[in-house]
Amino acid sequence: MSFPLLTATALAPAIGAVATAAVPAARRTVAKWLALGFSLVTLGFALAVLLRFDTGAGADRFQLTESHWWIRDFGMRYELGVDGVGVALIALTAVLIPFLIGAGWNDADPVEGEAPANRRWRPTQGFFALILLVEAMVIMSFAATDVFLFYVFFEAMLIPMYFLIGGFGDRAGSGDEEGQARQRTYAAVKFLLYNLVGGLVMLAAVIGLFVATADQLPEGTFSLRAILEARASGDLEFAQSTERWLFLGFFLAFAIKAPLWPLHTWLPNAMGESTAPVAVLITAVVDKVGTFAMLRFCLGLFPEASHWATPVVLTLALVSIVYGALLAIGQRDMKRLIAYASISHFGFIVLGIFAMTSQGQGGATLYMINHGIATAALMLVAGFLISRRGSRIIADYGGVQKTAPVLAGTFLIGGLATLSLPGTGPFVSEFLVLVGTFSRYQVAGIVASSGIVLAALYVLILYQRTMTGPVKAGLEKLPDLRVRELAVVAPLIALVVFLGVYPRPLTDIVNPAVEHTLSDVDRQDPAPQVPAEADSGHEAGAEHE
Amino acid sequence: MSTLAPLTSLAVETSTSTGEAVQFWILGPLALAGALGTVLLRRAVHSALSLAGTMVILALFYLANGAYFLGMVQIVVYTGAVMMLFLFVLMLVGVSATDSLKETLTGQRWLAAGCGLGLGVLLMAGIGQAVTGSFTGLAQANAGGNVQGLASLLFTRYVVAFEVTGILLTIAAVGATLLTHRERVERNKSQREQSQERVRAGRHVPPLPAPGVYARHNGVDLPGLLPDGTPSELTVNATLRARGQVREVHREAVDRVAAIEQRTATYHGQPTPPKPKAVDSADQADRSAEDDNEHDGEHDGERTEAAR
Amino acid sequence: MESLIALLIAAPLLGAALLLVGGRRLDRVGHWLGTLLAAVSFVLAVVLFFDLLGREAEDRTLSQHLFSWVPVADFQADVAFQLDQLSMTFVLLITGVGTLIHLYSVGYMEHDERRRRFFGYLNLFLAAMLLLVLADNYLLLYVGWEGVGLASYLLIGFWQHKPSAATAAKKAFVVNRVGDVGLSIAIFLMFTTFGSFAFDTVLPNATGTSEATLTGIGLMLLLAACGKSAQVPLQSWLGDAMEGPTSVSALIHAATMVTAGVYLVTRSADVFNAAPNAQTVVITVGAVTLLFGAIVGCAKDDIKKALAGSTMSQIGYMMLAAGLGPLGYAFAIMHLVTHGFFKAGLFLGAGSVMHGMNDEVDMRRYGGLRKHMPITFATFGLAYLAIIGFPYLSGFFSKDEIIYAGFSKGGGQGWLLGGVMLLGAALTAYYMTRIMLLTFFGEKRWQPDANGHEPHPHESPLSMTVPMMVLAVGSVAAGFLFNLGSSFEHWLEPVTGIAHGDSPVSHGMVSIAATGVMVIGVAGAWFQYGRRPVPVVAPTGNLLTRAARRDLLQDDFNHAVLVQPGNYLTRGLVYVDHKGVDGVVNGTAAAFGGLSGRLRRVQNGFARSYAVSMFGGVVLLVAATLLMRAV
Amino acid sequence: MNPENYLFLSALLFTVGACGVLLRRNVIVLFMCVELMLNAANLALVTFSRMHGNLDGQIMAFFVMVVAAAEVVVGLAIIVMVFRSRHSASVDDASLMKL
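Protein chains in written order, with full-length UniProt numbering: chain A, 1 to 545; chain B, 1 to 308; chain C, 1 to 631; chain D, 1 to 99.
In short, the hints are calculated from the structure, not lab data.
Predicted, not measured: the structure shown is a model, and the values here were computed from it.
Ideal Cβ placement from N, Cα and C applies to all residues, glycine included.
Some hints could be false.
To give a feel for the contact side, a few chain C residues facing chain A, derived at Cβ under 8 angstroms [stated by the list, open to error]:
| no. | residue |
| --- | --- |
| 1 | V70 |
| 2 | A73 |
| 3 | D74 |
| 4 | Q76 |
| 5 | Q160 |
| 6 | P163 |
| 7 | K170 |
| 8 | V174 |
| 9 | D180 |
| 10 | V181 |
| 11 | F188 |
| 12 | Y568 |
| 13 | L569 |
| 14 | L573 |
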């Protein structure tokens, strides 16, 4: 059989994690370079996946597949394979991690006077090892086509994340160390509990799925591909109630992971308390697993239930969009603001997924990528700023633009990308989502569009309060971006702009996958009603008069 | 042996002899009373005694039920050995140590009462349910003699259990000795050291006064009297003091001592020594303070009782 | 030839990239580089213009397809350009005026250490604006649309150390965003209706599509136009936008960007023609804004804000004309161009005045400046005459045409529109004369500023005066040239179409009437400001005056209706999220904690209570067994 | 009369003993109550053996006695030890079995 590329991609960071963790305490720099190296190796593999992936018309849906028995008695297989969405997201993960490592280069150095005598104390090694571990698990869950395999990594991810959030706060250094530690622990526990609840419900659903398949097929299976085929050939037909319950079980877990109102409150805590790279890791990488899984599992496995749930899900998504944006406007803490902005964006993603149009879902997938990169840019710059001043409170800043113009500039670009300005990646995706939604659910589309204005508000308010105006006391000597920091941010910004101007490569990868998903849920795009027949035209008109 | 008389006419199929019935109806209530006594009497000794009584009665019941061997064992082992053991320990711990009737655990009494009542009712109901009119006596079971019968069973069918219980007993004995035997970790203090630390501690340096001085009799639990006739508890053994078993010194004794002092004083033509208020424990301080204003002996006695 | 179109945009874009990324090395040459690239794209524009002139009127449409931008199923967005007469007009205006203003800024921003970045932003603006007018589909237009919004945001807030500037910039961007929502919804509707949003599919198919849909699209487009062109109800940002450097106000907030709304309406002519209701709304908006701006313009003491008011009102004219359909499109554009000249001229003049007066903007502290800065006075004066519609200057032609078109709408509507526009003309004459008198005539009223510097007005350097002169020439001659055999109409005819309604009044009468009201307005201003001395501190006038000074309470309205409730809402939601949503979660956790705390009490360590529980257990077991046996 | 009465009696004794265990605080008394319960059980066993006409019940009672003896020995030893360490014979004083 051919070289197991996906396994290699997932394995590289795992090995890297072990290697990094093994570095002796004194050799911090070695650990850092080691971690960076392995993340780059992973990136290499991911690019190989990207190249090997055939976007041609005749190409089959899941490619680079690997399949072995894992636990035969329970029909669990080690089964990997990627469709366009998976490829794109794996690429996103592999691209982001090196930047995160670069951004967090000094975040995990032991603080002065923090028991350097104790030789076994190696926070730095731990930090980077954990990040690599998360990367491995995320890639694995993007590549897994066996529901149970996916579940395992979906849950295992929580462990390193828990330690990353609880163990490494940013050096806000505002005196009250214990208070921060308490906050951090609270955030970490909250994150863990929230996701565990979802995960356990999902576990029940996963087992339920196995039972349901075992009832109808010769032997029960967890394999997504097998189930899809069986469903296509009509061998497998879930009872309506069964399907709906299973759907809910899966959806709850994913809705928590990709925080959907009202299950979102863990995100602001987690992102606020953790260091900027970890915050990016949460929102840009880990949470994407949730939305990705909605697209692949909820829709793929339970089409009928997905139709059934669509109205509710859309409503929740809309609430998330508006609610998240409004709360972002109301925040005093930079990182929490970005977190709430992300909640609003996840609303858009879910909206696009459940609009069940090729624009909507394609847009949603692009949105996952673009939001990842844009938020990374914004959050990392914010992190640099915070590490300089030692405070997350917006009111502590002002006039930064005068003392650190480059920092301010990058921050502005990140912000503009976040408010999805045309010419940046997020615009394309957001517009696609909106078009896709509007073409089937006009009211929803219009309500969601209000998010455009709100986004402008929270981003520009943030920029105005921190960057413009007279220079706040204590910021006169604020150093501008250092070379390392610039090297981290500049490529991200370049990427954002490139994807805004020429998203073609991405769309080519994503479109076929989306078509497949739509055929799973047997939905076609609504046809344009030109010329003449104008029934929905009337509604459209009515919307605005 | 009058109780043994009805035993000869045993093994009736449907109903026991009236004699046994009489015996039961006399002794049964007594046994129950003993049990209640065990539970309700305040002083441990009393409850121990009433328990012993119950056990004896039970022994009689065994005999009445044709378990001659057990009856004897009951008397010898239980009433003889076990209860005596209990009494020894009681002596060790304090014979007259009493429970205060105040229940410290909230709701304990009610729960206990509820449970007890419930269990009683249920057991009664259960037994009542299981009542079968007739019963097979032990006539042929005891045909070869009760002890022989037991032995034949014990050494055939239950031989393993028997051995095991033997081992159990051995272990119990060893365990008991181990538990109660105290390992001395440091060497004994020499007398010198003891006296030295006594002086350092500023405790009573000279040897303690002997009990019973000037007392009507020299029981070890009778405190000696100070020159003014106030009893000094220092003279009584610490253990007794701990158990609160210091005997009362009766007022006459005190007065008599005082009188003797008086007389000798007048004989030598000395001025009467003033009654010193020098006392060695607050307990006696207020007591002698009371001596002045009221002179009621047993009232005084029960007051000291209360003082303990 | 087509390939030049992309270069048209590429030149300033390159400039922007170089200047913004280039860093300090370019500080010395940056401004010249920017100006040069602007000039380059102007030259290209001229070349293309003559190329178009060389062709037949019918095939004067060049188009260039660069690459497919966002292809998702039916959603096919391309990066492709289309250059027709309408676009060409705009391109010339943008690049021409743009270049001039670049030149002007070289002098105007001389003492600003961030001049390089300023020119970067200006180039960015040019690129975006060109993209806007050259796009061949609405989505790409949207990109340019937001691009100019961004540029204007950056330029308004260029002096970021001033909180007022930062706030104004934010306000402008947000208000524009509201309009953009309109544009995007319009695009959604087009996509759902026509399956595309390229001009050449949407516009031809417009006729024959349900009117309701078209009305919807039209209204949404209008909303967008209102945002960009500061029309009621989204007008509030323009006044504050004057916080930016004056050359910016001249280029973006007078000549080009704010007129994008008119471009949008004109470009979507077919849609609006097929949706009369939408047109009516457009007309109403135009008329209202026309008066609104004029009234505000009359009351302001800040010279730039007064000019901003006038800009609004002039764009109101254009909007109204555009709303008239084929009757007015051509004249809307014509007025747009002439206005581009004279209003830019006016702003540059104002800038030059401020340049000489230590950035003093209060006209009541000017006075008698004509002898101190003659060139400025001359150019400003010419532009002034042009805008008030002095006969045979450019304003005269374009405005009269619009008024005439208004009358020829026919019926009571026609009379009404004509009347309104005449009133507007009178007001225009009034407030412009007021500005003129307050600034250049009368005795000097200036005083030392806050730092005690006595301003000593002086004429501005050549780099500033030259553009002013050029624009002055433009504002004098443009109208006349355009009207020469109504060349302009015929130039635009293929795009907008031409119609001539039957006006109740003849063309000549309209001109006479317009001139008449102009004279009245000037006289009114003269009587108020020319004859008696002007108080340095504005008197509290009547209610209308005071309202007008506060921009007719637009900000108070927005504050009361939008901002304040918004604040309360967000604060409330923050509270709800913390106490409500999060409270539920933490509450559950706390509940479990408390419960276990209670249960812990049972383990009180007293052997007897354990005994009780065991005993109770026994009782239960016995009971259970008995029950089993009972049943 | 019928030997069942012995059973009723033993039930009563057992209950009383149990209540004693629950109510008394003095370790020794408590222990006696346990003995009382054991005896009650024995009475029942003996009675059963009589009713069924075989000696197994008595054997059981015998074993109970032996075990009880062993238990008493060890138990009392423990009591003595506890008393030594904390000079008290009250169960409630040894309440360290808390969480």
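Structure-based check of all given hints:
no. : hint : result
1   : V70  : holds (5 angstroms)
2   : A73  : holds (4 angstroms)
3   : D74  : holds (6 angstroms)
4   : Q76  : violated (11 angstroms)
5   : Q160 : holds (4 angstroms)
6   : P163 : holds (5 angstroms)
7   : K170 : holds (4 angstroms)
8   : V174 : holds (5 angstroms)
9   : D180 : holds (7 angstroms)
10  : V181 : holds (5 angstroms)
11  : F188 : holds (4 angstroms)
12  : Y568 : violated (10 angstroms)
13  : L569 : holds (6 angstroms)
14  : L573 : holds (5 angstroms)
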